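Student: So the chains spell out like this:
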Amino acid sequence: MKIKTYFAGILVFCFLGATAAGELFAQQKDQSKDDRQQPSVKQEPAEEETNDAEKPAATDKKLLAIVGGDVHTVTGEVIRKGIILIEDGKIKAVGRNIDIPEGADVIDAVGQIVTPGFVAINMSGVGLRSAPTGNNKLEDSLDPFDRNIKYSLGVGITSGCIELSQPRRGRRNRSNLEENNLNDTDRSDIPEISLEELTGYDRREGEPEHRFPGIDLEIGDYVTEAQLDYGLENTSLCPCCNLPILPTEPITPAPPTEEEPRKHAAIKMSYGHLSDMLIKEDVFYSPAPGALSGALNRHNWRRDIKKARADLEKSTADTARRSEAQADSNAGTQRTGREVPARQRNSETRPGGTRGENTTLTPLLKKEVSMRITANTIDEIRDMIALAEELDYKLIVEGGIEAWLVASDLSKAGVPVIFTPRQRRAARTGEEQSSGSSIETTGLFEELGVPFAVASLSNSVSMGGLAGRDLTSLPLEAAFAVRGGASNRTALEAITIVPARMMGLDDRIGSIEVGKDADLLILNGEPLDYRTYVETAIVAGNICYERSVDRVYPVYERD
Amino acid sequence: MKELFMYKYVQRLMFAVAILIQSLAISAQEDVAKHQYALKVGKILTCSEDESTPDYIANGVILIREGKIEAIGTADQINIPEGYQVVEHPDGFAMPGLIEAHSHVGGTSDLNEMVYQTNPELRNWDQVIPHNDRLKVAIAGGITTICFIPGSGTNMGGFGTLMKTGPGTPDEVILRAPGVLKIAQAGNPERSAGETGSGRMGMNYVIRQQLQEGQLYVRQWDAYERGEAPKPAMNLRLEYFKPLFRREIPVVVHTQQYQVIQSTVRMLHDEFNLKVVIDHGTFDAYKIGEELVKRDIPVMVGPRAFLLDRELGQLVGIVEEYEKRGVKILGVNTDAPVIPQEELSFQATMAVRYGWSEERAIRGVTIEVAKALMIEDRVGSLEPGKDADIVVSTGSLIDPRNYVTQVFIDGKSVYDIKTDKRLF
Amino acid sequence: MNYRNKMKTISPLLAVAIISCWLINPAIAFQTVAYTHATVETLTEHGQLENATILMKNGKIVEVGVEVTIPDEAKVVSMRGKTIIPGIIESYMVYKRIPQAAQETETVTFGGRTIEIPSTRGFNTGTFDTISDYFYPQSFDFSRLIKSGITTMNLVSDGRGLSVFADSVLNPTPAMVFENKGLLFVKITNETAALDIIRNGLNPRSTRTAPQSGQRREGDSPANRETSGVDATSGEGSSRPATADSNAANLTQALWNDVREGKKSLVVNANNAATVAHLLHLLEKHPKVKVILVATGPNVYESLDAIKGSNISLVLQPGIDTEPYSARKINVAKMAAEREIPFSLSLAVGSSQMAATLDEPLFPVAALVKTGLSRESALTALTLAPARMLGIETNYGSIESGKFANLLVFDGDPLATGSRLNQVIVKGSLIHEN
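Protein chains in written order, with the working numbering: chain A, 1 to 559; chain B, 1 to 424; chain C, 1 to 434.
Hints are computed from structural coordinates only; laboratory data are not their basis.
The structure displayed is predicted, hence computed values, not measured ones.
Here a beta-carbon is modelled for each residue, glycine too, at the ideal position from N, C-alpha and C.
Don't take every hint at face value.
What the hints assert, rightly or not - Restraint-style ranges between C-beta atoms, simulated for each label pair:
#	chain 1	residue 1	chain 2	residue 2	range
1	C	THR322	B	ASN273	41 to 47 Å
2	B	ARG310	A	ASP379	47 to 53 Å
3	C	GLU323	A	LYS366	44 to 50 Å
4	A	GLY414	B	GLU359	54 to 60 Å
5	C	ASN180	A	GLY515	56 to 62 Å
6	A	SER548	B	GLU359	21 to 27 Å
7	C	GLY418	B	ARG310	31 to 37 Å
8	C	ASP158	B	ARG200	55 to 61 Å
9	C	PRO204	B	ARG310	56 to 62 Å
10	C	GLU323	B	GLY326	27 to 33 Å
11	B	GLY199	C	THR322	30 to 36 Å
Unchecked claim - Here are a few chain C residues that sit away from chain A, every Cβ distance over 12 Å (derived from the structure):
#	residue
12	THR36
13	GLY59
14	SER139
15	ASN272
16	PRO364
17	GLY391
18	LEU430
Unchecked claim - Keeping only pairs whose Cα atoms sit at most 27 Å apart, straight-line, the calculated BS3-like set for lysine-lysine is:
#	chain 1	residue 1	chain 2	residue 2
19	A	LYS62	C	LYS285
20	C	LYS285	A	LYS90
21	A	LYS62	C	LYS308
Produce the complete structure using the sequences and hints provided.
Tutor: Put into structure tokens, the structure is as follows:
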């Protein structure tokens with residue numbers, strides 16, 4: 001009975017939808033085309049106090065409807081032949097029976113699949129030339145016309161967590177090449193400089209990556225290309241062809257020499273729309289890998305945390321005593337993990353000072369952000385879990401090569417993992433059953449309820465020609481999670497809502513729900529199928545990528 | 001001296017001895033049954049080019065006997081005889097074992113001797129380590145045969161080996177030795193300035209000179225064998241050129257870029273009439289596709305799979321570009337360990353993502369590779385009489401979501417996730 | 001039609017033309033002169049006039065038209081077969097480049113060696129260049145500009161400051177400057193220090209209470225504080241003589257006030273596409289501010305839709321551009337014209353380009369016209385558009401009565417291959433003859 005009515009519903013809907021939508025398409029297809037030619041003008045200036053007099057008069061709200069596709073909401077059920085209504089960059093309505101208002105642009109997605117934009121939990125070198133140095137702010141360094149944004153959108157990545165403080169990773173920072181040539185020269189005082197910086201090489205103006213400036217290398221010189229991608233220290237060369245033997249586990253950076261935490265920021269791949277790009281800075285508290293290993297490090301960490309907590313409690317008490325007006329301004333300075341708009345933040349709250357500085361740790365203590373730290377072995381993972389429980393903060397384990405052996409601990413502690421299914425580490429001799437990586441980790445995670453986000457093998461976009469290993473392999477890496485035993489649904493969550501939750505941005509990105517940002521993909525197949533292409537990527541309500549127009553990826557038609 | 005032929009004799013002798021022992025020893029009866037399988041699978045992709053065997057079989061049965069495929073067909077067609085161990089994979093997907101055209105993980109990693117610029121005297125079948133750790137994982141990726149070749153540190157790295165990935169003694173796992181000659185052009189073998197071979201002109205001269213020497217040597221021996229000339233002096237350095245110039249084994253050429261492949265074609269195919277396999281063929285090399293088609297030269301693309309075309313400003317799939325130009329024997333390789341050996345099927349996945357067809361992609365890791373390496377009489381498809389190298393998986397391996405459940409090499413089950421830890 | 005007629009008559013008249021050239025001498029500036037029988041691109045509502053007469057007196061145009069009564073005292077010069085267009089106005093002429101020595105240096109390791117290079121780390125805000133303060137025209141070679149037909153120019157430096165407007169003259173003297181207080185100009189990149197120059201300038205003092213201590217770097221010149229205006233008066237630069245500082249600060253304050261209120265344009269040179277986006281983002285809150293944006297075609301073409309309808313006008317280099325990351329050709333001037341964005345074409349932005357085309361200065365412009373830019377837009381972009389952008393259109397930019405007689409005489413269609421620039425006339429006097 002139920003099934004019957006269900007089908008009847010679909011039929012009725014199909015009929016209504018088809019006729020209604022058909023008319024609308026005919027009328028509005030041209031209009032929608034025109035509309036997408038107009039980038040950021042319409043973006044409302046979403047920052048600081050705007051002078052009302054100067055503000056342009058409120059235009060009509062920008063409406064966009066995606067009609068007829070199977071909507072994978074991720075957090076809810078799949079809606080067959082659903083409608084998504086977008087108003088001013090936000091999702092206004094999702095469902096089957098939604099009236100499309102007059103004047104809305106309509107995108108026909110019949111026969112296609114609509115998913116939320118993928119969220120890359122680990123990316124670098126996208127959306128900005130290089131991590132801001134010195135006094136440069138991230139928001140001023142962003143490049144909405146970075147070509148890597150298009151490559152990312154082409155595989156469905158619409159937002160992600162960009163790593164800012166690790167100049168050795170990613171192809172944008174090529175300092176490791178010349179470092180290798182350094183002998184024993186003491187270079188502690190000499191700043192590192194990338195080739196780009198040295199030669200003033202402007203990627204946008206010059207031919208991108210065609211020649212490496214300053215050194216006489218072409219793409220035809222096989223040695224350097226992928227080495228530059230992965231870094232010499234992580235790469236051994238193939239004796240045959242001198243190509244680097246690619247790492248099969250995510251590159252773990254060198255042990256920390258300084259205790260500075262790494263920096264991460266959440267950005268959107270809103271090509272051409274600068275005002276939408278920065279979602280949030282300092283989305284994690286990310287100590288350098290190994291920063292909490294060893295007795296001394298851990299002792300210092302406990303001390304720092306306790307001191308910071310005491311300071312926090314004291315200042316909270318102080319705040320309570322103050323007048324209300326003062327309390328307001330104070331709260332402003334203590335709030336890190338700032339969301340845009342945050343143009344005029346006080347420089348004191350800028351993290352990056354010493355670890356003991358209490359304001360840096362405040363968001364961690366208040367559980368506004370999680371600690372994200374690399375932990376691969378059983379011991380490392382257990383230690384991190386124990387520390388987090390003892391000192392009471394939220395933890396995210398990155399790497400987790402041996403996490404399959406402690407999955408129940410992770411599950412019990414509710415610690416999510418940033419995981420690369422294809423990462424491989426051979427077991428130690430004699431411990432074949434209790435060390436090394438396992439391809440079945442993701443299946444175990446799903447079974448035991450450990451939330452995980454999938455990260456790609458390399459976190460930057462590479463044009464070197466080796467396919468399926470760089471940032472643009474993200475959905476395929478999620479496919480490997482399915483290979484490991486996770487369901488398609490969990491694997492899709494691992495590149496959408498789970499990373500969004502990790503960053504504390506699940507109110508904005510990661511699923512198709514009313515009120516969330518309209519970061520959507522229209523796919524020509526199943527989201528994790530290797531044959532699937534992104535037909536259209538919508539970021540914050542704007543069409544930022546169209547396969548047939550952008551021609552980033554080959555437009556081979558399949559039967 | 002006659003390595004190749006000796007090997008065949010030894011192999012036949014061993015078979016004969018084995019059969020003799022088996023027929024005599026009653027206690028061995030169980031062993032035989034152990035390696036006589038009837039494999040019942042939901043779907044079989046045979047990759048066969050022979051019309052007698054269909055390309056695709058639903059609810060199929062494969063009979064395996066003495067390391068070979070005895071029969072293949074639907075469950076209705078084939079009666080399973082007595083004494084065959086029945087292995088059932090009702091939801092499984094069987095296909096021929098994958099073949100890697102360019103691998104360096106078959107044994108030790110001392111792949112380059114770089115004293116001379118050309119080294120036809122070198123052979124790598126003494127380096128083979130059967131069933132080593134990397135090969136174990138490779139089996140979990142479905143790879144059953146690899147072309148294990150020396151490196152490209154010099155213009156002629158030496159002779160490589162065709163081998164199975166499964167366990168056994170080196171003699172058991174070696175499919176053919178010498179398997180291929182490795183020649184490297186441009187790029188890696190470039191020497192420092194001031195020597196011949198620091199540029200492409202010099203390197204080509206070095207290769208041609210060495211081949212000419214080898215050609216002369218083989219001609220002398222051919223004349224002697226026809227009784228037309230006195231017996232020449234045996235030259236260890238040139239000995240393995242015999243099967244090469246008799247076109248019994250191919251030369252796999254490390255060559256990429258348009259201009260370099262031009263020289264490959266003119267030098268190795270046109271001038272010396274060798275069986276040539278283009279073994280990287282990356283960057284813009286596909287633009288010479290038509291010339292390769294004219295000469296029936298196979299192309300094994302990898303490890304790079306795409307090119308950023310600066311004219312169009314977009315990415316281009318290299319394999320698909322060859323396909324468009326009509327190259328027939330077309331496959332992918334990993335250059336393992338550049339790409340991990342077990343990800344050979346993923347190289348095909350990426351080729352499909354960049355435009356290739358799935359049907360061609362499955363053939364491009366099986367039968368087309370076998371044809372390129374001239375072992376299609378032994379491996380590459382599921383047909384009666386061929387080696388029983390069979391991969392059973394949860395679905396087409398081109399989809400990375402599917403994984404291998406069981407692998408047979410030479411009729412033996414070498415990997416079974418029911419009993420072994422899943423490695424990939 | 002016109003063109004064909006011209007071609008028919010051109011050869012017999014060439015001799016006449018050459019002779020007539022001989023007759024002209026610089027003294028005519030103070031005479032009444034009539035150029036007759038010329039094809040005149042007026043750049044006014046009259047458009048192109050055939051067989052027209054230009055009557056000039058004291059360096060100004062008195063009358064233009066087909067039926068002009070020539071006074072008896074006038075010297076008559078036949079311009080039969082010639083085409084006359086207004087002098088080219090160069091909207092962004094880099095008069096002074098920041099000397100390398102002024103930049104910070106840093107030590108880096110490269111290829112195993114330790115070397116000193118000019119600092120690329122961070123934006124160098126430089127000093128505030130008031131061009132009129134050190135205008136020594138003898139030190140600059142104007143002849144190439146003159147040979148290219150540039151009669152009026154906006155002189156700027158490679159950094160930031162206040163420009164001057166100048167006329168081309170035969171022998172450069174400081175007197176060639178006719179506007180000492182030109183426009184505020186600044187060259188920026190998408191770095192905080194650079195964008196702060198504009199932020200500080202555009203935001204009135206009250207909104208930015210505390211200077212960001214993080215922004216101040218060692219070696220920052222006081223000029224930085226001058227421009228930002230805020231800092232200079234906040235008492236932090238106490239080590240400097242207060243009066244000089246505050247005078248300069250008052251000057252820049254006043255200039256920025258004009259910019260904020262839209263009285264004067266701000267010239268911004270943005271060095272990459274991201275910077276253009278950042279600039280547009282900053283300007284969203286300041287719709288009144290008029291900006292003259294100097295950028296290359298590939299850097300600006302993706303922002304054209306955002307620029308459309310705003311208060312931004314463009315300074316483009318003439319020539320066909322290549323789309324970034326591909327070999328596809330784009331005509332950015334045409335794209336700007338389609339969107340009705342005011343733009344000027346700057347012949348001098350790439351000086352090497354100019355040197356290569358001295359005889360046919362408009363060749364790259366002709367290429368734009370060949371590929372779709374309308375002839376009218378192209379000529380406007382060289383003359384009237386820059387005049388409007390600089391705010392000098394009452395005296396410059398077109399051939400109409402009352403304006404200066406800044407004229408270029410071509411021996412054919414100025415946008416045709418093979419047409420040579422014969423004469424450059426500034427305020428009625430001949431300063432270059434080819």
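Student: Does each hint fit the structure? Answer for all of them.
Tutor: Cross-check of the supplied hints:
1. For the pair THR322 of chain C and ASN273 of chain B, the supplied restraint of 41 to 47 Å holds, since their beta-carbon distance comes to about 45 Å.
2. Against the hinted window of 47 to 53 Å, the Cβ-Cβ separation of ARG310 of chain B and ASP379 of chain A comes to about 49 Å, which satisfies the hint.
3. Between GLU323 of chain C and LYS366 of chain A the beta carbon distance is about 48 Å. The supplied range of 44 to 50 Å therefore holds.
4. In this structure, GLY414 of chain A and GLU359 of chain B break the distance hint of 54 to 60 Å, their C-beta atoms being roughly 46 Å apart.
5. Restraint check, ASN180 of chain C to GLY515 of chain A: a C-beta distance of roughly 57 Å satisfies the suggested window 56 to 62 Å.
6. Here the CB-CB span from SER548 of chain A to GLU359 of chain B is close to 25 Å, well matched to the stated 21 to 27 Å.
7. Checked against the hint of 31 to 37 Å, the pair GLY418 of chain C and ARG310 of chain B passes, with Cβ atoms roughly 34 Å apart.
8. Checked against the given bound of 55 to 61 Å, the beta carbons of ASP158 of chain C and ARG200 of chain B, roughly 44 Å apart, lie outside it.
9. The hinted range of 56 to 62 Å is not satisfied by PRO204 of chain C and ARG310 of chain B, whose Cβ atoms lie roughly 48 Å apart.
10. Between GLU323 of chain C and GLY326 of chain B, the C-beta spacing of about 31 Å keeps the proposed range 27 to 33 Å intact.
11. Separation of GLY199 of chain B from THR322 of chain C is about 32 Å and conforms to the stated range, judged on CB atoms against 30 to 36 Å.
12. Distance check for THR36 of chain C against chain A: the nearest CB is about 49 Å away, which clears 12 Å, and the non-interface claim stands.
13. Every CB of chain A is more than 12 Å from the CB of GLY59 of chain C (nearest about 42 Å), matching its label as outside the interface.
14. The beta carbon of SER139 of chain C sits about 26 Å from the closest Cβ of chain A, which is more than 12 Å, so the claim that it is off the interface holds.
15. Its closest Cβ contact with chain A, about 5 Å, brings ASN272 of chain C to no more than 12 Å, contrary to its assignment away from the interface.
16. Listed as outside the interface, PRO364 of chain C is consistent with that label: its C-beta sits roughly 18 Å from the nearest C-beta of chain A, beyond the 12 Å cut-off.
17. Listed as outside the interface, GLY391 of chain C is consistent with that label: its C-beta sits roughly 23 Å from the nearest C-beta of chain A, beyond the 12 Å cut-off.
18. The non-interface label for LEU430 of chain C is consistent with chain A: the shortest C-beta to C-beta separation is roughly 40 Å, beyond 12 Å.
19. For the proposed pair LYS62 of chain A and LYS285 of chain C, the alpha carbon gap of about 20 Å is at most 27 Å, so the pair holds.
20. For the hint linking LYS285 of chain C to LYS90 of chain A, the alpha-carbon distance of about 22 Å falls within 27 Å, and the restraint holds.
21. Distance check on the hinted pair: LYS62 of chain A and LYS308 of chain C sit about 18 Å apart at the alpha-carbon level, within 27 Å; holds.
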